[in-house]
Every structure is written in structure tokens, then in C-alpha cells.
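Q: Residues per chain are reported as follows:
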Amino acid sequence: MKHLYTWSGIAIVVFFSVVGDVLMSRAMKQVGDVHELLEQHGLWRVIQRIFATPNFFIGVSAMAIAFFSLLFALSWGDVSLVAPAAASLTFIGNAFAAKIFLREHVDPRRWLAAMMVAGGVALLAK
Amino acid sequence: MNFRKYLVLAGVSVFAAAGDTMLSHGMKQTGHITIHHLQGLLLAILNPWVAVGIVLLLAFFSSYMSALSWADLTYVLPATSLGYVLLALVARFALHEHISLMRWFGIMLISGGVGFVAGGPSVTAHPKGSDTLLPKGGVPLMGVDQ
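As they're listed, the protein sequences go chains A and B. Using my numbering, you'd call the opening residue of the first sequence number 1304 and step up by one each time. Using my numbering, you'd call the opening residue of the second sequence number 2 and step up by one each time.
Read the hints as simulated data drawn from the structure, not as lab findings. If a hint is listed, it holds; no wrong ones were tucked in.
Part of the chain A face toward chain B, derived, beta carbon under 10 Å:
| id | residue |
| --- | --- |
| 1 | 1327 |
| 2 | 1331 |
| 3 | 1332 |
| 4 | 1394 |
| 5 | 1401 |
| 6 | 1402 |
| 7 | 1405 |
| 8 | 1407 |
| 9 | 1415 |
| 10 | 1416 |
| 11 | 1424 |
| 12 | 1426 |
| 13 | 1427 |
| 14 | 1428 |
The beta-carbon is built from N, C-alpha and C at its ideal position, and this holds for glycine as well.
Produce the entire structure from the sequences given, and follow the hints as far as they go.
A: Below you can see the structure in the form of C-alpha cells.
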């Protein structure tokens, strides 16, 4: 039963982390290249653009839910399992979500990088 | 990709690692915070380590948002995962913690992953008219550009 709680917690953390990252990426692409905007229009206009993007707020909300879910998951399971499992699975989940929802070109190089980083993060907790 | 953009990616890694370290150090000084004693949370913010940690994490979030404005999510995430390696190296050489063989292998895997993704293109070119196509400089947003 404890395992079920722990893995449910990890699944919730991963889900909201991926939703947050994807929406934040989408929001920032809608805002545009921040460097160019800063040079052309200044900081105030960039902030206005970000705050006028609904995806930004939904993304931040999803990230906040992921953070609090992580706190709950940590109270259900061991930190040595929950933290690396959530971080590793988020890397893999983001690669799938970015391909499907953001239509990013995830070539073998990027898949391999995501797998290596996910594996590395899991090993760091050993 | 220019030097400035690489600097932003490095900022994401460094600010996240430094912010987490400061926050962790500060929270160990302030002690346990329970749901019944939430005022402890306010006191924690007054701790200099926690305060600097929060500022660094805000810097991390700004760099992360900036990176996502010109690079793919599947590029930014692996490219900025060097923060994990940085934390392990700080633990080894500044805090003199023991790093097991498994962890060194993990560090090698992450570094390899970063090297792989950093050598490729940073952004996907979407065809004109597609849903994800966004003009250079972003889409005009109502009430902002008018």
C-alpha cells in the first residue's frame, strides 16, 4: 500500500512538472525571443508581454502544484526514491510531451541526451 | 547560438544549484516548520541564507524563462542539467562528502547527455502557418502592442 501511495505521488509530481514545463515553454515562445525584445522595447514591455500570456500563469500554477505534490510524495516515500524518480521521469515525460504538444523535433541525439540525463540523475541519488 | 545564450544556459544551471544549496543550508538553521507553526516560515525568510537562496532561485527562473523563449524545451532541460553535476562536485570538494562510484558514473552520464544535446540545433524550425509557428519577436499580444 505504501508503494502505491509513493508511486501515485511520483506520477502526480511528474504529470504537473511536465504540464508546467510544456506550458511555460509555449508561453515563452508566444512572448518571443526575450533578448531581442529587451533590445527593441525594454524590460517593461517584456514583463507586460509575459503577463499578457495566459499559458504563463497556468504553467506557473502547474509548477506550484508539482512542488507541493513533491512535498506530499516525500512524506509518503523515501527521499532517495521519490526525488530522483520524479526528476528522471520528468526528463523522459518532457521529451514525449514536447514532441506531441510543442511539435519539437526530438531527434535520436535529444532522446539519448534525455535518457542519459535521466539515468545520471537516478544514479546520483545512490 | 551565441556566447550570450550559452551564458544564460550556464546561469540556469548555476543559479538553480546555488539557490538550492543556500536554501537547504538556511532551512537547516531555522529548524522544522510545521503546518501548525506557519509563522516559522516568515522567520525563515529573514534568514540571510534563505533570502539569498530565494533571490538566486528567482534569477534561475528568469534565466530559464529567457532560455525557453529562444530554445526548445528538449534542448534547455538536458543542457541545463549540469547543475546536478555542480552540486555533486560542491559536495565533494567544498563539503568533503564521499562520492560513490555510482555517483561518479551518474555525473559522467549527465555530462555526456549535456554534450550530446549541446552539439545539436537549439530550436525546431516550424513551417509557416503551423500552430506552433511564432514570428520572430513573438506574437502580438492584445493590449500590449496596440
